[in-house]
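Chemist: Listed here are the chains, written in short residue letters.
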Amino acid sequence: MQDSHDIPRRMDELATRLFPICRSLTGDGVRKTLGILGELVPLDVHEVPTGTPAFDWTVPREWNIRDAYVETETGKRILSFKDNNLHVMGYSCPIDEVVSYDTLMEHLHTLEEMPDAIPYVTSYYAERWGFCLEYSKVQALDPAATYRVYIDSSLTEGSLTYADLVIPGNSAEEVLFSTYVCHPSMGNNELSGPIVNTFLAQWIAALPEREKTYRFVFIPETIGSLVYLSRHLDHLKAHTVAGFNVSCVGDRRDYSFIPSPAGTTYADRVISHVLKGLKLDHTKYSFLDRGSDERQYCSPKVNLPLVTFCRSRFGTYPEYHTSLDNLDVISGEEMANSLNVLKHCVRTVEGNAVVDNVFCGEPQLGKRGLYPSTSKLGSYEAVRAMNDLIAYADGNRDLLTIGEIIGVPAWELAPVARQLVDAGVLCRASD
Amino acid sequence: MQDSHDIPRRMDELATRLFPICRSLTGDGVRKTLGILGELVPLDVHEVPTGTPAFDWTVPREWNIRDAYVETETGKRILSFKDNNLHVMGYSCPIDEVVSYDTLMEHLHTLEEMPDAIPYVTSYYAERWGFCLEYSKVQALDPAATYRVYIDSSLTEGSLTYADLVIPGNSAEEVLFSTYVCHPSMGNNELSGPIVNTFLAQWIAALPEREKTYRFVFIPETIGSLVYLSRHLDHLKAHTVAGFNVSCVGDRRDYSFIPSPAGTTYADRVISHVLKGLKLDHTKYSFLDRGSDERQYCSPKVNLPLVTFCRSRFGTYPEYHTSLDNLDVISGEEMANSLNVLKHCVRTVEGNAVVDNVFCGEPQLGKRGLYPSTSKLGSYEAVRAMNDLIAYADGNRDLLTIGEIIGVPAWELAPVARQLVDAGVLCRASD
Amino acid sequence: MQDSHDIPRRMDELATRLFPICRSLTGDGVRKTLGILGELVPLDVHEVPTGTPAFDWTVPREWNIRDAYVETETGKRILSFKDNNLHVMGYSCPIDEVVSYDTLMEHLHTLEEMPDAIPYVTSYYAERWGFCLEYSKVQALDPAATYRVYIDSSLTEGSLTYADLVIPGNSAEEVLFSTYVCHPSMGNNELSGPIVNTFLAQWIAALPEREKTYRFVFIPETIGSLVYLSRHLDHLKAHTVAGFNVSCVGDRRDYSFIPSPAGTTYADRVISHVLKGLKLDHTKYSFLDRGSDERQYCSPKVNLPLVTFCRSRFGTYPEYHTSLDNLDVISGEEMANSLNVLKHCVRTVEGNAVVDNVFCGEPQLGKRGLYPSTSKLGSYEAVRAMNDLIAYADGNRDLLTIGEIIGVPAWELAPVARQLVDAGVLCRASD
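Chains A, B and C are the protein sequences, given in the same order. Those letters in the first sequence? Residues 1 to 431, by the numbering used here. Those letters in the second sequence? Residues 1 to 431, by the numbering used here. Those letters in the third sequence? Residues 1 to 431, by the numbering used here.
Worth flagging that the hints you see were computed from the coordinates, not collected in a lab. The structure displayed is predicted, hence computed values, not measured ones. Be a bit skeptical, because a hint or two may be false.
No copy is singled out in the list; a pair is fine if it fits within one copy or between any two copies.
Unchecked claim - Calculated cross-link-like contacts (lysine-lysine; reagent style DSBU-like; alpha-carbon spacing at most 35 Å):
(1) Lys301 - Lys137
(2) Lys32 - Lys367
(3) Lys137 - Lys284
(4) Lys237 - Lys76
(5) Lys284 - Lys367
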């Protein structure tokens, strides 16, 4: 089915196709994005009407935009939405006026420290208009001139759009993968998450068998996770064994994750084990460094076992939330590497089990053909992992715990455990 | 009321006034001291008769002393009680005899390693007489001469004197502040504790409102705390949430505290949080380093949540238990600095609460005017402390715990928590 | 009785006497060894018939050997069992054939990296024959020649032999000492364990009184412990408070121990406390480094509180499992030093108790003659250990725990505790 050598190229193509779309919390950009992802996996797309409550929040009006620009009296375009959708502050209300330089400046956002970058700015919950511009271009504006500011946008009673996908497994226990689809033309902090999660869902759906059920969620950040939680809270709390919020996974830099507040959930243990087991340099942040949907998923009353998985965490890399976070920052190669980490998380969860030694004392592996029958220096070492697994299989520890103790990745331990269960030496504790 | 700029000067004056008094376990020196402190705060003074049992101990006879000296046959005074009350061993029985040089030497205490210091020596529980002298002066004594030893003291069926003060608050939960009043003319290891605690009591009594009840105890060390515990054990065990034994808090050196045996009581957490939060260099000792009334308050069957707060801990500074621990070692400025630490302990306890997020997910601060409505680089940081407080307010953690996690002093978090409770975003867990 | 100055010499003599015996899992070598040890302590020797099941294992056929050699066509002996019993692979089946050089080589075990050492090799559970030879001698063999291979051994329906000894004490709680008697002529990894444990048993039996019951087990490794456990599992699980597997305790190198899987059992605490308290350099291994009978005693369903005590742990020293592990590697002096460690383990367990302060507050030691009645600098220090013991005697901590906290060996604390119990200041928590 899925040719893994082909994945980086296909990820790159998908990124190129999704990049120009003007996404926001709501609107046709999100719908178009989910439509394209839905070509790869069978997403369920949902519309939630403006005004729908979600805990302390309310679904906002739907925003759509067709065009926007600023031009001088002589019609010279200072900036144009068609050049880069970051030029317009997200959720700007419509306007068509001639304003003074001073008024324009009050509505112009720039980054003095990055003069060639357009900043990404939004105003979701207060009605405003605004433009974003390279600082280097602001200097050229004539303070004595007037400017036509034009935004052809709409804020209407519409709906918020999100998608989910449940891939069933043998158990009702669920693994959650969440990512967001609400940023306009940016690469690492937008496209990498949905692309990696889409390919992950495709890979999971193609597995011959699944122990767990997998739930994928593609939502606008914050309001989207609040809406999703408000509709599925009881189910998620009852069934989720591990969750991964995936964000900023396309750049070349080191891996990282934001642990849950307690830092000890199953998701924390899995991601940590995988990053160590794959010998990947990585940073373990604190929940104090949170900033994405883990803020909702790990809020006290929700309290799902979830971590956020990143390469360069949002807010820590220079291109973050600017026009420089473009397709040059990410690559299919690196998104495939991040995908590989998440596949190992899945393998770890799929293969994990609590195992128990059937016998008092060590089993006799030799008579089962599992152990060399001549004792010599070195021969004992050859089956060390198998022996260590048996030595720690006490009916309480799972393979992840044993793997941490004995220094063997859980996904390598899983087939050994299955062999020993088949040989009647170990049993699954829950059997 | 209390002008804090004036405190160091008033503390210095109080120290000068209290210094010459000859205090001991019992006797008029203690009464006089408590009388002077009682001019600042309304102390309840208690008399406990000689022979009263206190657990394994018994209140000793009352000791008073009027005069004492050693002189040569020719009437030359070798030492005189009137010059320094440390010259007489505490609880010396009366004597008026002419003795040989050898006999005198058997009753003379000196410090060879500190030749110009008079050591502080007592014999509370075995009837003896003795004198204390600078080692440098002993060399000049004539071994062939005889000496008149004169002590005009009395050991009588009297009483032990102590004082306490309870300042009521909204809750029956009590915070205990204990210090001792049984050392004669010494500065750091005597006057600093009662002076700081007296000013602290005055400050607490003047607070417009108190969440907790505050109990101050001024006692002779060891027998006093045993007597106090024997009279109030059940009450103290039932109501004390944190206790602070205050000793040696007047010198210029670093802060320190002796933790409780477990090291994890509320008092341990509070003092540690305050010293860290105020960024004060300090030493955390072990309960193995105990030596003051924490020995009784933290004994296994008593087991109050109490720490001992010091600058230079008793036994660790060169002047300790000698005539060099005089008014030069302490200053009003430094006693006021120690007072400030204890005020912050009170502020921490007063403001502390277990708080809970009212909502699933994050509350929407923007619609309550608590959060900037435009997202820009940096604006999220501006309300970081508020957001972190909400993120960790899970109905189990108190502000002290949250403050430790998020790196904000609990006394700074308390007003933020109150603002959020008023805004309906948090609730107090106990409400 | 036992003159401790004489012990190293007597240990050396015993080692010299035991060294030449050809021991194995079964057979007369084990019987002869136990017979000699039984001259020092009254061992109970047990025979377990071939075919007897022990959990997942079965007692193998009994192996005995009278002679073996390899010689050339011309009758020149290449190797002879009579020179060194390591020349024959343990459990070799009988053979008397002339074989080619190539066939001989298939049955010849050497150690290229230690050319002058005969390796120790066995084949307990697959019927084979084999010889072991110095690598340096293999070079001289003529590839064109044929060789007579002769082994006069027998594999018969016989029995497995082991011994035990129970030395009763006041309590049914047991301390287990186990060691193995199944290796042929080797010193550290065979004789040191049985010799040290035999002298330890002799010393314990001679104690005027014992708080605990002591169980000594002399078994062939692995199958012996499995057999022993299969016969005594319920009893051992119910009564064993601490166990020590003793192996490789005769060389001059540092001490070490292999902790239990959890690392927190009473045996772990005792051995760690003793090695620290005696200020002996030592290595704490991991249960991952296991390799002796702790593999059975600490297997999940058995789970006895047991550690393995060693000098140089098996597998870590150059002479291990070769003919170089001879009497030069061990000495009576060093075995006596290891014995001393185990005696201190016994002293620790014997003297240990949970103690409780009888009084609220500190007891008044002075009136009981336990405390100097004059307070002076230094006098408090003199009874520090006594005071610290009282301060931490809370009815939950045992002397081992208190000793760790206050930095005093538990075996030094025990007499102090007894003095305080006699003085009515402490009581035993279980009294």
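Chemist: Now tell me if each hint is right for this structure.
Modeler: The hints, checked one at a time:
For a Cα distance limit of 35 Å, the shortest separation of Lys301 from Lys137 qualifies neither inside one copy, at 47 Å, nor across copies, at 75 Å. With identical chains, the CA atoms of Lys32 and Lys367 are at most 35 Å apart between copies only, with a shortest distance of 30 Å across copies and 62 Å within one. Proximity of Lys137 and Lys284 under a CA criterion of 35 Å is satisfied in neither setting, with 39 Å inside one chain copy and 58 Å between copies. Taking the shortest alpha-carbon separations for Lys237 and Lys76, neither the intra-copy value of 56 Å nor the inter-copy value of 81 Å comes in at or below 35 Å.
Taking CA atoms no more than 35 Å apart as the test, Lys284 paired with Lys367 passes between copies only; the shortest distance there is 33 Å, against 45 Å inside one copy.
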